[in-house]
Amino acid sequence: KAGVTQTPRYLIKTRGQQVTLSCSPISGHRSVSWYQQTPGQGLQFLFEYFSETQRNKGNFPGRFSGRQFSNSRSEMNVSTLELGDSALYLCASSSRQGAYGYTFGSGTRLTVV
Amino acid sequence: GENVEQHPSTLSVQEGDSAVIKCTYSDSASNYFPWYKQELGKRPQLIIDIRSNVGEKKDQRIAVTLNKTAKHFSLHITETQPEDSAVYFCAALTGGGADGLTFGKGTHLIIQP
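Line by line, the protein sequences are chains G and Y. First residue of the first sequence: 1, per the working numbering; consecutive thereafter. First residue of the second sequence: 1, per the working numbering; consecutive thereafter.
Derived by calculation from the structure, the hints in this document are not laboratory data. Incorrect hints may appear among the rest.
As the list claims (entries may be wrong) - Using 27 angstroms as the maximum straight-line C-alpha spacing, the simulated DSS-like pairs for lysine-lysine come out as follows:
hint	chain 1	residue 1	chain 2	residue 2
1	G	K57	Y	K71
2	G	K57	Y	K105
3	Y	K105	Y	K22
4	Y	K57	Y	K42
5	G	K13	Y	K42
6	Y	K68	Y	K57
7	Y	K42	G	K57
8	Y	K22	Y	K42
Please take these sequences and the hints and turn them into a complete structure.
Rendered as structure tokens:
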């Protein structure tokens, strides 16, 4: 079966702009979680969506938001981009709520200039 | 919140030898401990996980041990091969998953031929 698909793979944005990233989970998976990966901070939890509802949220500012659609696809939005938002953004899907048995996507590499 | 410490940050072993990576966690309520392997430029892949009601789990050359009293868990790789070279991350999930997975900073495993 198809894995977790993230688009786009690479993105370059200017400081102050906003960006939307997309994640399509494994078919049948209803949980989608987002993580930010940077060399300095490592992997950090952003939020989790399950059945179109945000279930959990990490310690990130309100500029980071997301949503999930009825087909379980999820989008993440970052407004008013800052240089420090440059990172690899990974989404992970799971068949149940929570972080059990995650399958990660290949990520979107965001560069803010 | 949960805090996960991972050691060592870099580990170099001869091909065929064993490798051990250790992690400690702070929250005694954590109940799920997965390990991920991330090759350069690729997505993290779940290689093994363990729940708090189990002390040890093995899958071919890979094993994980958990000591709840001491709050530490370890990854053991036997008969290492060149394809084991990667960054390995441990993680912990606190009950309810409100904070998502908390990851260690990673161990760069280098297999010397």
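_Y:K57 and Y:K42 were given as a pair; does the straight-line alpha-carbon distance stay at or below 27 angstroms?_
Distance ~26 angstroms between Y:K57 and Y:K42 Cα, so the pair holds.
*Regarding the pair G:K57 and Y:K71, is the alpha-carbon distance no greater than 27 angstroms?*
Cα-Cα ~25 angstroms, so holds.
*asked:* For Y:K42 and G:K57, compute the direct alpha-carbon distance and say whether it is at most 27 angstroms.
replied: Holds, at roughly 25 angstroms.
*Please work out if G:K13 and Y:K42 have their alpha carbons no farther apart than 27 angstroms.*
Holds, because 22 angstroms separates the two Cα atoms, which is no more than 27 angstroms.
*asked:* Check whether the Cα positions of Y:K68 and Y:K57 lie no farther apart than 27 angstroms.
replied: Cα-Cα ~14 angstroms, so holds.
*Holds or violated: are the alpha carbons of Y:K105 and Y:K22 at most 27 angstroms from each other?*
12 angstroms, holds
*Does G:K57 pair with Y:K105 here, judged by a C-alpha cut-off of 27 angstroms?*
Given pair G:K57, Y:K105 holds - Cα atoms ~20 angstroms apart, limit 27 angstroms.
*Regarding the pair Y:K22 and Y:K42, is the alpha-carbon distance no greater than 27 angstroms?*
23 angstroms, holds
Every hint from the earlier list agrees with this structure, and none is contradicted.
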